[in-house]
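Listed in order, the protein sequences are those of chains A and B.
Heads up, the first sequence is in my numbering, so the first residue is 1 and it goes up one at a time.
Heads up, the second sequence is in my numbering, so the first residue is 565 and it goes up one at a time.
FYI, nobody ran anything at the bench for these hints, they're computed from the structure.
Calculated cross-link-like contacts (lysine to any residue; reagent style SDA-like; alpha-carbon spacing at most 20 Å):
1) B/K902 to A/S47
2) B/K902 to A/W45
3) B/K902 to A/L51
4) B/K759 to A/S352
5) B/K759 to B/A735
6) A/K437 to A/M515
7) B/K902 to A/V52
8) B/K910 to B/D766
9) A/K437 to A/N533
10) A/K437 to A/S425
11) A/K72 to A/I255
12) B/K902 to A/W50
13) B/K902 to B/S724
14) B/K910 to A/S47
15) A/K72 to A/E259
16) A/K437 to A/H93
17) B/K759 to A/G345
18) B/K827 to B/T616
19) B/K759 to A/G294
20) B/K759 to A/D293
21) B/K702 to B/R784
22) A/K72 to A/W257
23) B/K827 to B/D585
24) B/K759 to B/E707
25) B/K827 to B/L663
26) B/K910 to B/D726
27) A/K437 to A/A512
28) B/K759 to B/T712
29) A/K437 to A/T508
30) B/K902 to A/P49
31) B/K759 to A/G297
From a predicted model like this one, the values you see are computed outputs, not experimental measurements.
Listed here are the chains, written in short residue letters.
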Amino acid sequence: MRMLVLTGIALTAGSAASLAAIALVELVSLLNTGLLVAPKARVQWESLPWLVATTTVLVPTLGGLIVGLVHKHLSPAQRPLGPPDVIEAVQFHRPLPGLRSGLVSTGTAALSLGAGASVGQYGPMVYLGAIFGSFAHRLRLGVPNLASIAIGCGVAAAISTAFNAPIAGVLFAHEVVLRHYATRAFAPVTVASVTGYVIANVIFERPALFRIESPGITHGYEFALVAVLGLVVAMAAILFMRLLLAVGPTLARWIKWPELRTAMAGLAVGLTALALPDVLGIGTSTLRFATIDGAFGLGEVIVLICAKTVLTALCIGAGFSGGAFSPSLLIGSLIGVFFWTLASGVAGVPSSGAAIYAISGMMGFASAVIGAPLTCILIVFELTRNYDVTIAAMVAVVFSNLLSHRAFGRSLFDVQLARRGIDFSLGRDRAHFAALKVVDYLQPDAVTATAEDAAQDVSDRLQARGWREAFVLDTDGTLVGVFTPGAQGTATRVGSDVGPARLVFHDTTDLAEAMERLRGFVGDAVPVVSQENGTYLGAVSEADLVSAWLDEGVRLRREENAAI
Amino acid sequence: MRRSDFVSLCLLVAAPVAAEDLTVVSWGGAYEAAQRHAIIDPYARQTGQTVTVAEYDGSWAALEARGAEDGWDVIDMLSDQARVACARGLLLEMTPRSLFSSETLEDFTPFGPDRCAVPQNAYARVMAFDDRAFAGVKPTRIEDFFDTDRFPGPRAIQRSPDGILEWALLAEGVPPEQVYGLLSTDRGLRLAFRKLGTIRDDIIWWEDPAEPADMLADGRAVMAAGFNGRFFDIAQRGRAPIDIVWDGRIIGIEVWAIAASTKAPDAARAFIVHATQPASMARFATQIPYGPTRVSAFNRIGINPQTGVPMRAYLPNAPQHGGRALVRDSGWYANTDKLRQRRFSKWLDGAE
Chain A
1 MRMLVLTGIA LTAGSAASLA AIALVELVSL LNTGLLVAPK ARVQWESLPW
51 LVATTTVLVP TLGGLIVGLV HKHLSPAQRP LGPPDVIEAV QFHRPLPGLR
101 SGLVSTGTAA LSLGAGASVG QYGPMVYLGA IFGSFAHRLR LGVPNLASIA
151 IGCGVAAAIS TAFNAPIAGV LFAHEVVLRH YATRAFAPVT VASVTGYVIA
201 NVIFERPALF RIESPGITHG YEFALVAVLG LVVAMAAILF MRLLLAVGPT
251 LARWIKWPEL RTAMAGLAVG LTALALPDVL GIGTSTLRFA TIDGAFGLGE
301 VIVLICAKTV LTALCIGAGF SGGAFSPSLL IGSLIGVFFW TLASGVAGVP
351 SSGAAIYAIS GMMGFASAVI GAPLTCILIV FELTRNYDVT IAAMVAVVFS
401 NLLSHRAFGR SLFDVQLARR GIDFSLGRDR AHFAALKVVD YLQPDAVTAT
451 AEDAAQDVSD RLQARGWREA FVLDTDGTLV GVFTPGAQGT ATRVGSDVGP
501 ARLVFHDTTD LAEAMERLRG FVGDAVPVVS QENGTYLGAV SEADLVSAWL
551 DEGVRLRREE NAAI
Chain B
565 MRRSDFVSLC LLVAAPVAAE DLTVVSWGGA YEAAQRHAII DPYARQTGQT
615 VTVAEYDGSW AALEARGAED GWDVIDMLSD QARVACARGL LLEMTPRSLF
665 SSETLEDFTP FGPDRCAVPQ NAYARVMAFD DRAFAGVKPT RIEDFFDTDR
715 FPGPRAIQRS PDGILEWALL AEGVPPEQVY GLLSTDRGLR LAFRKLGTIR
765 DDIIWWEDPA EPADMLADGR AVMAAGFNGR FFDIAQRGRA PIDIVWDGRI
815 IGIEVWAIAA STKAPDAARA FIVHATQPAS MARFATQIPY GPTRVSAFNR
865 IGINPQTGVP MRAYLPNAPQ HGGRALVRDS GWYANTDKLR QRRFSKWLDG
915 AE
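Sequences and hints are given; from them, build the entire structure.
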């Protein structure tokens, strides 16, 4: 029965997500043509240069203005949604942010991409896939964690459709979104991914978004070169991500109206595109040029790398709806080309051509940004079906991830989540324990007292409830200390016998932190006070915390090892 | 009988057109002769109409100048010319759904009828070589056209930017579906001309489409870019061992269209329905190697009555050819005419 439910969900979420991803790509390409962003559309008006120049500046600017206004007035979330929101929902089994916010975000993503903003399409596609999966949240079909699995299915199908890469789709869903490989999730996600592939390839016969053909690697030492390239792109990726994260808050300080922020970012894109049309939009043609030997001069490639990095950070930071993955592919491949030009052109090292370096750079950079080395390696494999190229890209990917993970974090998404207080840097279980707050485990019958209470009364009350310590509060309800009867023995009033509390938790203290601080603690309960004003909120017993820890541990193990 | 054939027959019988006369405009030469034999004469016999065939140079400008005056009804056009003519209001609009069943519409390849034109046959710009020039390894890919180390010798190329720019990018490894997008950028054009520059000293230019086959035959060139029908002609007449490389073929589509000034719109439509039946297309393709634009017609193509050659292998869009194929983007051609000419002249002057 469960098998049927899971297969049904996988097929439904998979095909819906795949069709929606195709629709998004088509819509964007329609807008790109209509708004003179696509080269083929721009070239028809080549005889009217002023028209092309005007639209180049106006389209992204007005697009930005509309995107900003739509987010402000129509979206309850008031911002574009993306993979971090999906990860959060899946990890903590919460519903995604409202459907309306999701649809608005998808619409603005189509507009952002259509108007040529320097953002990517895969983030919105992942979110769109997740929306279809999230409908399973409403179903009660008796399968634990069904909604998370269904979202994983939607995401896998979207990626599989976009890249014509079903294996990469499966891995992306597990590596980035689900973060475990339970059979209960793996099987349906695989089914969904294959569904996406079938729809994209067999039914619609869509070409892959980019196709790479490469002769392979001719010199053994090139693997070492590619490893160095991995380190180079990692440094660039770290710079890019830091810039991206810094731009948002800075812009918010400078420009008060959010719609003007996006309009301004659009204007920057438009003005740059006057001289450098390659920065417009997803940059599919630029990505292709990167695989052709000598398509870019050295100076040109440096300018383009800088422009694309800054503009992408600006567009995403300002609030355009779109992801960072496609721009990452582009920037990474340009860095690869730059590296190849230096190595073969300037230093004169014989090499197997720009394509290998472009691909390795592309995947090294992108894997550092999305934190998915396996996915990136498999995307190369499925797109090129070339063993040599995949191995070269794999070397670049691992070296890039080594550096970026150490110096920045696992991925842009994880760092964005960490800024919202969800920290995956020490693993999935740690994040889960950290999501549980001790304040939710307060014991209702903990004993409190004031300094004026009679020691004997309090002692009797403690004995009646089986506690050994009472928490002493002042008149405002602030915690003063702990009273333990029989410590000095003879006091008549509680006030003369108050000792300091050895351990105090705040209302923000989470289970992970609490368990660490409990090490070496002797006593039956820990008081919890408000971090703001020190008001006593209650007490948690050590036994309750340990049970909560064990329960969550068991739940996670069940989820991660579920068969069907 | 296929449903589509039935529909068209009904149209033929039911339409009150029997007394009307029709003027069909085409290109002349062997092409027109094949059309007469395969399509026009059977139509005249079936309907009892008198069909006059006129000749023109293929341009929409000629249609504008002579169409109304000379009483043109049905016109054979290149699809990009038809596109321009349609936009200028020179062609009669039609609704494909009223002429063809939905099955028939799906049968068309690589694209179906639009509001002004119905695809009728496919020709291709292909690369051909003189088999005598390469004793060992023969060229098999577009890359080989630009590889003068492995395949030395003069190349015959049309003195125009048509086709050769596409090949230049294909030879750089660009997948066919991205070629026109990339050629729309300045960088793409630069790269294409750079590639063309690598064989600059080996180029021998031609202007008349008959020349490249002759150049191969008389040894002035070892490889040539030209139209598949011309190469077929020379090779089949036994004048020279010319072989066609189908990789990188650029398929162009010929369409039927109706002049806006026609006095016999019903007869014109009936003619087009007749001409685009699988049987008509197949009859035409056995005369001359221009492929049908309907999938179902491929199975009917047999032996050329003059040479006895089975024609299927020589059709540019035959499904059995491997390699890369590009469908000539008529919209792009119509829009970039001046730009391409300008850049090409600049390159010829050595400034590109």
